[in-house]
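Participant: Take a look at the letters that make up each chain.
2 protein chains.
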Amino acid sequence: MAAADPKPSETLDAFHRGGFYLLQPRGRGHRAGLDAMLLAALVPDRNGETLADFGAGAGAAGMAAANRIRTLQVTLFERSPEMAGFAHRSIALSQNRHLADRVRLVEADVTLTGARRIAAGLADAAFDHVIMNPPFNDGSDRMTPDELKAEAHAMRGPLFADWIKTAGAVARPGGQLSLIARPQSLAEILTASENRFGAIHITPVHPRPGEDAIRLLLTGIKGSRARLSLRPPLYVHDGAGQAFSPAVDALNNGKGSIER
Amino acid sequence: MAAADPKPSETLDAFHRGGFYLLQPRGRGHRAGLDAMLLAALVPDRNGETLADFGAGAGAAGMAAANRIRTLQVTLFERSPEMAGFAHRSIALSQNRHLADRVRLVEADVTLTGARRIAAGLADAAFDHVIMNPPFNDGSDRMTPDELKAEAHAMRGPLFADWIKTAGAVARPGGQLSLIARPQSLAEILTASENRFGAIHITPVHPRPGEDAIRLLLTGIKGSRARLSLRPPLYVHDGAGQAFSPAVDALNNGKGSIER
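Going line by line, the protein sequences match chains A and B. Residues in the first sequence are numbered consecutively from 2, following this note's numbering. Residues in the second sequence are numbered consecutively from 2, following this note's numbering.
Hints are computed from structural coordinates only; laboratory data are not their basis. Check before you lean on any hint, since a few could be wrong.
[Unchecked claim] Where chain A lies over chain B, by a calculated footprint (3+ residues, C-beta under 8 Å):
1. 186-192
2. 210-222
3. 230-236
[To be verified] Some chain B residues flagged as far from chain A (calculated, every beta-carbon gap over 12 Å):
4. P26
5. E108
6. G255
Beta carbons: idealized from backbone N, C-alpha and C, even for Gly.
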């Protein structure tokens, strides 16, 4: 068995219909899915840009962006040594050979400040784009004895505030922030974005027409003073079944992007 | 000519398909329309409640709520003496006889504070519901030489902040705030609502499917700590023509409400 092969406690999962693969903990921890693929779909296809993926986990969103945009240079930032290990081994998978020279991993906490932040690879104005899918920090969320999952889903303290502050530092002027969040985080996100990111675009993601949004996709431009826009919604399903709508299926499989 | 009859510089306009009428300045000032009717549609039909309409203009939203909800007691607050005059004469119209004993007018600035606020009829915890459609305060809006319109559309300084602060004072615990705004005011509204109104529900209003929202409808509950929700959008038009969609047409005509 090669070093990158899955152990019994792990799974090897295909994304973008086999465009790239991730090693992930089996049945525990935060497992990447539609959220990460929608987040990656917010990254515009512009030649030779750099992207930082904050809280990258096993690397799903950053690698999805790299797989769709063949000139993108991606840095995954992950604080958890265990999840960083999954990301490291995922980059090394033979199936991801086409990504390996454009995706690198930094084991670091994106809430570091000052000299420690810069020493961790989070230099000022270093990235064209920052993406993030932060752990939920809502105490009312169902708690779990699973510590990995608790780390990913129920972290305490201000979260978007610190993450967006760091994003504001490491994004170049005119650079883009993109994130996926639950609607209840909207006020915190907008407050943290003030005086850092403008021209905010919000795309609500609803399970089906007529139902409340379960996620919001949000992008902003560093230093812009342009107005906030509420974009047309996305529907995960448009029929009675569990199949994705054509629009979401395309985004989930790296066949398009959500344009600003 | 009776005192309430329109002068040549005025119009007499039917709302709710003739359910009530407004006297308004002809071709100048802010003329009530769909915004005011959608705002009124946010008011739930509960027996014998009290409603404050902040910045009521000629009284469109407050009177629309009173026309649909036959037990609602409405107080219109309007700062401009000229617009308050239109509201006063509109209440007195014979066509509005069914509303006259449930709609009263107070000529006052809702940004008053302390004892002056209370003296103006804006007492603490006095209302079950506060509605507002504040003037736009965005300097990038096209300016106009028309002073009435400038007063309604381009007022300077913090606006939602002051209005929502007063709403937080005059709403009873558990009372509701409802407002209509442009999407670019969202951050200001959420910041002002913090620690005053929770359980925020946002309904984006789009001209047509696939187009960015032009308005947002927002409600909140005083003192609630419940989460923000992004509700299903409303579409003003659902075809190629200028006719309202069935949902918006019903709301525009007082034939329903937007339920929380």
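Participant: List in ascending order the numbers of the hints, as given earlier, that are violated by the structure.
Facilitator: Violated: none.
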